[in-house]
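For the record, the sequence lines run as chains A and B. Residue 91 in this note's numbering sits at position 91 of the first sequence, and the numbers go up by one each step. Convert by adding 1000 to the 1-based position in the second sequence; the result is the number in this note's numbering.
Hint data in this document are derived by calculation from the structure and do not stem from the laboratory. Treat the hints with care, since some could be wrong.
FRET-style restraints, in silico, Cβ to Cβ [stated by the list, open to error]: (1) B/R1095 - A/E115: 24 to 30 Å; (2) A/R82 - B/L1128: 38 to 44 Å; (3) B/D1006 - A/R91: 49 to 55 Å; (4) B/M1130 - A/K67: 27 to 33 Å; (5) A/A255 - B/M1130: 26 to 32 Å; (6) A/A72 - B/R1248: 23 to 29 Å; (7) B/T1058 - A/Q74: 54 to 60 Å; (8) B/E1219 - A/K67: 54 to 60 Å; (9) A/E275 - B/H1019: 54 to 60 Å; (10) B/T1232 - A/L77: 54 to 60 Å; (11) A/W276 - B/R1248: 32 to 38 Å; (12) B/S1187 - A/T20: 33 to 39 Å.
Quick look at which bits of chain A chain B covers, simulated, 3 or more residues with Cβ under 8 Å [stated by the list, open to error]: (13) 29-43; (14) 146-154; (15) 189-203.
Predicted, not measured: the structure shown is a model, and the values here were computed from it. Glycine included, every Cβ here is placed at the ideal spot set by N, Cα and C.
The primary structure of each chain is shown beneath.
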Amino acid sequence: MTDPLLTVEDLNVTFPGRETAVRAVRNASFTLGRERLGIVGESGSGKSTTGRALLGLVPRPGIVTAKTMSYAGQNLLQCTERDWQRLRGRRMSMVMQDPKYSLNPVKTVGAQIGETCLLHLGMTRKQAAARTLAMLEAVRIRDPELTYQLYPHQLSGGMGQRVMIAMMLVAEPDFLIADEPTSALDVTVQNEVLRILDDLVSERGMGLIFISHNLTVVSSFCDRVLIMYGGKIVEECAARDLQNARHPYTRALVAAAPSLDIQRTELATVTRDPEWLK
Amino acid sequence: MIAVDDLNVTFHNGGRSIHAVQGISFNVAAGETFGIVGESGSGKSTVLKAIAGLVPSTSSVLEVDGRPAARRRSRAERRLLQLVFQDPYASLHPRQTVDGILREPLVIHGVADIDDKVMAAIADVGLLPMHRFRYPHQLSGGQRQRVAIARALILRPPVLLLDEPTSALDVSIQAEILNLLANLRQSYSLTCILVSHDLAVVAHLCNRIAIMQLGKLVEIISAADLRSGTVTADYTRELIAASRGFTRAPSQNQVVLS
Ligand SMILES: Nc1ncnc2c1ncn2[C@@H]1O[C@H](COP(=O)(O)OP(=O)(O)OP(=O)(O)O)[C@@H](O)[C@H]1O
Ligand SMILES: Nc1ncnc2c1ncn2[C@@H]1O[C@H](COP(=O)(O)OP(=O)(O)OP(=O)(O)O)[C@@H](O)[C@H]1O
Ligand SMILES: [Mg+2]
Ligand SMILES: [Mg+2]
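All chains, please: the whole structure from these sequences, using the hints.
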């Protein structure tokens, strides 16, 4: 593997609470090169929180600690809010899980994507508009000119998701965290969006963290996969070996997915073992 | 139980109109689970909203349990039909705790044993007692979606419209929710429409499945046809092929990023 773009050692994120603190991420260590790294795991297992920690976006009163957290040689643990803003504007970016929540409800799609071009890429208004339309087309929006003028509440779920992706991609980041970026897309559009991300990794050398619940997609698209459970990384494997993973939680996940080929009356559920968190 | 004949929905934006749903017809029998899959932006969510009376529409017939789907519904009609939205964030009140969100429909409809029902609803969707007094922003994406499902189910409505209920959930929680829906279907006559992008999910839960593209109905097939690939439309065939996973081979109509 090439020089890691990102190195994380012993990352912990805790949300203090009235009675007990929530340990959302526990002792997570991993590296990311110019590759596609998948993160799968139970709902609430800390996938999004891990992503947010890497971009300095953990909300108050969350506490982030780590032994090492560095990006392209820069120590992220010492970043000030200004440093973070500079990094997030251009070099690293995240496609959030709730597209409509993350979009500004009172601004049109065109204005929101265009803003990034104006602010971070120093384009003229005309260039920004042209670039915005090109990005909407790239993510397979059927009618880019019409969509340009729509407000977030006028978009379908999958259109909102693609607008988010377009907005993140205009800045051409070299590190992207995509949190459930294709869960609202039909499978044909999903594969085309994956192809865009794939090209950015293989042609531009972008590093990608791909968070998803879709095991079929993760195993066919990613290079490596981290499996999280209860805030911990319980297993790491090559993506194509996901079907043969060893950890009982990973195996249970694979067994719980419905399949077009095998008909079951009841789906297998996961019996959780407290030992997994030790 | 649900009858839809020649349903049309048009949105107006500035000078342009968007024909989101164009002449769709189908029927769903009592106790049946009907699936809708199809292209993003093809009008699936809009069909559900029209049935729930949440967007203006025109049709020859649009009925739930023999009553026309009206825009303003009485309390009894709201109890008849519940809709789980695609965006859990948008549908949960940000300043209400999980407890408040689940309690509200029970209070409005004057139901007894509210505390027990709230606790049971939380357990049904695989959440824990510790989540009960959290606000939506203190939950993960999948936890929020489960709150929305719990709220829709809490009054045991005879008709349930589910818009991508499990796309934000990991497969283990998805399995629990799908099993829960299947069990509810057996314990009382539950009529469902399920919109999903996951063909394996609709094949698992639905009897018949409608395929939509560009506001129109492409075809209606049985779950067995979907599994065996016995379909007539090319679009359906493309969907089935694409659901097998990502392939690195470039597509023909690839757009090159500048
Ligand atoms: N602001 C917060 N305050 C308290 N707890 C929080 C907060 N944000 C997240 N959590 C908790 O931290 C844990 C991890 O959340 P996170 O959003 O990272 O999960 P996730 O793996 O992304 O799940 P999903 O697949 O459902 O999106 C969850 O138990 C969640 O309830
Ligand atoms: N309030 C609105 N105003 C204007 N246009 C709208 C509105 N709501 C939906 N639309 C448009 O109607 C079309 C169908 O949207 P709909 O949400 O029904 O699609 P969908 O099939 O559910 O897609 P997805 O799978 O992406 O959720 C889209 O072109 C969308 O932009
Ligand atoms: Mg998440
Ligand atoms: Mg939709």
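Structure-based check of each hint:
1. A hinted range of 24 to 30 Å holds for the C-beta pair B/R1095 and A/E115, which are about 29 Å apart.
2. In this structure the supplied range 38 to 44 Å holds for A/R82 paired with B/L1128, their Cβ-Cβ distance being about 39 Å.
3. Remark: the range hint 49 to 55 Å for B/D1006 to A/R91 is upheld by a beta-carbon distance near 53 Å.
4. Checked against the given bound of 27 to 33 Å, the beta carbons of B/M1130 and A/K67, roughly 29 Å apart, stay inside it.
5. About 27 Å separates the C-beta atoms of A/A255 and B/M1130, a value consistent with the hinted range of 26 to 32 Å.
6. A hinted range of 23 to 29 Å holds for the C-beta pair A/A72 and B/R1248, which are about 27 Å apart.
7. Separation of B/T1058 from A/Q74 is about 58 Å and conforms to the stated range, judged on CB atoms against 54 to 60 Å.
8. For B/E1219 and A/K67, the hinted distance range of 54 to 60 Å is satisfied, since their beta carbons lie about 57 Å from each other.
9. As the Cβ distance of A/E275 to B/H1019 is approximately 56 Å, the hint placing it in 54 to 60 Å holds.
10. Here the CB-CB span from B/T1232 to A/L77 is close to 59 Å, well matched to the stated 54 to 60 Å.
11. Checking the proposed 32 to 38 Å range against A/W276 and B/R1248 shows it holds: the Cβ atoms sit about 33 Å from each other.
12. Separation of B/S1187 from A/T20 is about 35 Å and conforms to the stated range, judged on CB atoms against 33 to 39 Å.
13. Given as covered by chain B, the region 29-43 of chain A passes the check, having 4 residues with a CB less than 8 Å from a CB of that chain where 3 are the minimum.
14. Under a criterion of three residues with beta carbons nearer than 8 Å to beta carbons of chain B, the stated coverage of the region 146-154 of chain A is upheld, 4 such residues being counted.
15. Note: the region 189-203 of chain A has 10 residues with beta-carbon separation from chain B under 8 Å; the three-residue rule is met and the coverage holds.
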